[in-house]
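There are 2 protein chains.
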Amino acid sequence: FKTIILVFWRFLEKAWNIGMNEPRKVIHCIKVGIALSFVSLFYYMKPLYEGVGGTAMWAVLTVVVVFEYTVGATLYKCLNRATGTFLAGFLAIGIHWIANQSGKRFEPIIMGASIFILASAATFSRFIPAVKARFDYGAMIFILTFTLVSISGYRVENLLNMAHERASTIIIGASLCVITSILIFPIWAGEELHKLVISNLEKQAESLDCCVAEYFSVTEDTKTNTKKMLAFKCVLNSKASEETMANFARWEPAHGNFNFQHPWKYYLKISASMRSCACCIESLTSCINQKDQASEFLRKQLSNTCQQVSSSTAEILKELALNMKTMRKSSRIDILIQEKNSAIQELETQLKEVSGLLIVPKGAKNDKEEEKPVVRTGNVIPMVEIIPAATFASLVIEIATRIEGVV
Amino acid sequence: FKTIILVFWRFLEKAWNIGMNEPRKVIHCIKVGIALSFVSLFYYMKPLYEGVGGTAMWAVLTVVVVFEYTVGATLYKCLNRATGTFLAGFLAIGIHWIANQSGKRFEPIIMGASIFILASAATFSRFIPAVKARFDYGAMIFILTFTLVSISGYRVENLLNMAHERASTIIIGASLCVITSILIFPIWAGEELHKLVISNLEKQAESLDCCVAEYFSVTEDTKTNTKKMLAFKCVLNSKASEETMANFARWEPAHGNFNFQHPWKYYLKISASMRSCACCIESLTSCINQKDQASEFLRKQLSNTCQQVSSSTAEILKELALNMKTMRKSSRIDILIQEKNSAIQELETQLKEVSGLLIVPKGAKNDKEEEKPVVRTGNVIPMVEIIPAATFASLVIEIATRIEGVV
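Which chain is which? The protein sequence lines are C and R, in order.
FYI, our numbering numbers position 265 of the first sequence as 270, with every residue one higher than the one before it.
FYI, our numbering numbers position 224 of the second sequence as 229, with every residue one higher than the one before it.
Same shape as in the complex, but just chain C:
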């Protein structure tokens, strides 16, 4: 019994930590509570109850199902639900009318066949990528409403009246959700995406810096360093969440610094090129694990120039993050790119020099000692060269974004 309490206590502790770290999640919960309490009012207050009737249930259902964490997701679900309901409702009433005209005998057959065909077709449409991205929820609601309306149409006679009641309650629920989610501490999917990409840029810059520093073992404090070094992993893992956010962001109206049709897909492009950079950093870390194999001498030789390349690259990433924050394109980026390019050139010339140096100690030292460093450093440098290249690509895209998206 004691262990159960302990487990429960730990669970509460965890929940508390989540709540403290992200107060906006707590706010979201309170928002849901508020919206639901409002909807319950329809039931508690007599005049309202008589107005909308027993279908107030649909308003509750709408609120619970539709209310999501971000404004974009809520809007997406509301619009999908409304569209799906209306489309299915009209179609069901139309088919019901046709079935009615064709006599008592064929009515159940027509209705059954139409349910089967339309439900299958709508389910199939959910597998088509373009539909899935935007209307997945709508298709589900379409099936639901169509089936409900057509089977209850067979029984209930005052079909139009019912449809009207149901539609009005759904609209009440949906609008309540939209109002609550926009007015009370709104959480915009677009803004979240914006912040995520910026923080990823910063993390990547930091982790690049740390990796190179670690390789040339300038820093001592290994523990915090390893943590920073592995920061790039979030970049690798954030693909799915970025895509959903960009998907929801499309539904959001203009807010803050973002216009209605802010080019969200550029964010995805930036993160895609960041992911390819992160891959390179990942390979770089594996070099760090084997760094004892490289000769001390060579590491010292290349230390300065390598660090220059990586720091200038990191600088570019940071500057990009800053640019995105202020939504303005600064001229400093061009200067930084030039700096980075000259650093790479310097590194290349030094590499040549080093390979010249190698011949001299060759005879003096043993073979193994000499061969390894070439392989090692050879491994590090192309990496460092790849990263700026990829960064450059992301940079070009970024500039395009700023020009198209801001101003």
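Just so you know, the hints here were simulated from the structure itself, not pulled from any lab data.
There's no promise every hint is true.
Identical copies look the same in the list; a pair holds intra-copy or inter-copy alike.
Only pairs whose alpha carbons sit at most 27 Å apart, straight line, appear in this in silico DSSO-like list of lysine-lysine [as the list claims (entries may be wrong)]:
1. 137 to 19
2. 238 to 330
3. 137 to 200
4. 244 to 274
5. 244 to 270
6. 7 to 137
7. 323 to 200
8. 270 to 200
9. 19 to 270
10. 200 to 244
11. 274 to 323
12. 270 to 238
13. 274 to 19
14. 244 to 30
15. 238 to 274
16. 330 to 200
17. 244 to 137
18. 270 to 330
19. 200 to 274
20. 19 to 7
21. 30 to 238
Start from chain C and add chain R according to the hints.
Frame of chain C; chain R shown alone:
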């Protein structure tokens, strides 16, 4: 108007292609149609209708919402829905009873407060990762049912009767879904995951082979080659879908070669180490783009041994895929690993030789020609060395899986 038809036609064509390529998706659609038609029977047939009454709507709703592509997902939703409904129902009836005891005046207040608090708490619990992975849907249904029951309890007097009807229709709908999804061409999430991991292993093996072959330009047919080379990208991008599938697979009963508690998380580990391999391959491809910079001479020198390393590694991956297919651990893997290790050793000795060779032509040729190849090949080889290491890790995990999971 013509363009609209054209767009529509293209859309149909696309849908047709999806249907032809993946007939199981079409089957799924038909299954949904069948389940819905069955549920409609409750409405159409008089005796059944009188038995369950107007709440048959809940059965329809359950079928539409719960029916998912894989068995695991359907089971997950069914169990969550049932648990959430019952828990919320009992809690709501309990609170209703308490509110009833405390008099007319406090009743609405108690009910409103309980809705607000419980809805907020349940919403918050959906943010906790452990809850989100397993009971996300259940929490939503909990909120829904609790609100519905407590607000309708305020009006409808025969609460218990209503609860009973609702519960029975939900159970009918859910069991119908489970039966249809298991009996008619079942699509198991676990099997899908299994297949995906196997095909990823094969793709990666192929793409590794192709990359190395391309680097030493043995093959000519570049177009199909590039396609194969980039096959590893699916490995990088499949994280999210693998996680959801593993999540659903946990809910599935024993089927085919899989036991009830098949160690699905090992699949995730294998793919994680495969992803780190894919990162290395990605870096390798960037070397291919710069391969003109390497000297012909050195490329030829290393060509054989490098290809041996990569082909033995690819062989291991293929053997692993085969092992997973047959669910049996073959002794061939150990032999292959030894082969791979000896190939790596050979490559290492050859590298030493090559670096020895380098000194001789050094004076004869110009500096630039000589320096580059070292860097280049230096880059390729550690890559090829990293991949077996990661493969080995995945292999060890794999063996553990086979032992624990298969007997």
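*asked:* At most 27 Å between CA atoms: does that hold for residue 244 and residue 270 within a copy, between copies, both, or neither?
replied: both (13 Å within a copy, 21 Å between copies)
*Evaluate residue 7 and residue 137 at a C-alpha cut-off of 27 Å and name the case that applies: within, between, both or neither.*
between (48 Å within a copy, 26 Å between copies)
_When Cα atoms must be at most 27 Å apart, do residue 274 and residue 19 count as within-copy, between-copy, both, or neither?_
between (35 Å within a copy, 25 Å between copies)
*Since the copies are identical, ignore which copy is meant and state whether residue 238 and residue 274 lie within 27 Å (CA to CA) inside a copy, between copies, both or neither.*
both (18 Å within a copy, 16 Å between copies)
*Within a copy, between copies, both or neither: where do residue 244 and residue 30 come within 27 Å Cα-Cα?*
both (22 Å within a copy, 26 Å between copies)
*Tell me, please, which holds for residue 244 and residue 274 at an alpha-carbon limit of 27 Å: within, between, both or neither?*
Cα proximity of residue 244 and residue 274: in one copy and across copies (11 Å, 19 Å).
*Copy assignment of residue 330 with residue 200, given that the CA separation must stay at most 27 Å*: Close inside one copy (8 Å), not across copies (43 Å); limit 27 Å.
_With identical chains, the pair residue 19 and residue 7 could be close in the same copy or across copies; at 27 Å between alpha carbons, which is it: within, between, both, or neither?_
within (18 Å within a copy, 59 Å between copies)
_I want to check one pair: residue 270 and residue 200. Are their C-alpha atoms no more than 27 Å apart within a copy, between two copies, both, or neither?_
within (15 Å within a copy, 31 Å between copies)
*From the Cα coordinates, with 27 Å as the cut-off, is the pair residue 274 and residue 323 best called within, between, both, or neither?*
Close inside one copy (18 Å), not across copies (33 Å); limit 27 Å.
_Intra/inter-copy verdict for residue 137 and residue 200 if alpha-carbon distance must be at most 27 Å_ = both (26 Å within a copy, 23 Å between copies)
*Under a CA distance limit of 27 Å, which applies to residue 238 and residue 330: within one copy, between copies, both, or neither?*
For residue 238 and residue 330, only the intra-copy Cα distance (22 Å) is at most 27 Å; the inter-copy one is 31 Å.
Comparing the model with each earlier hint shows no violations; every hint is respected.
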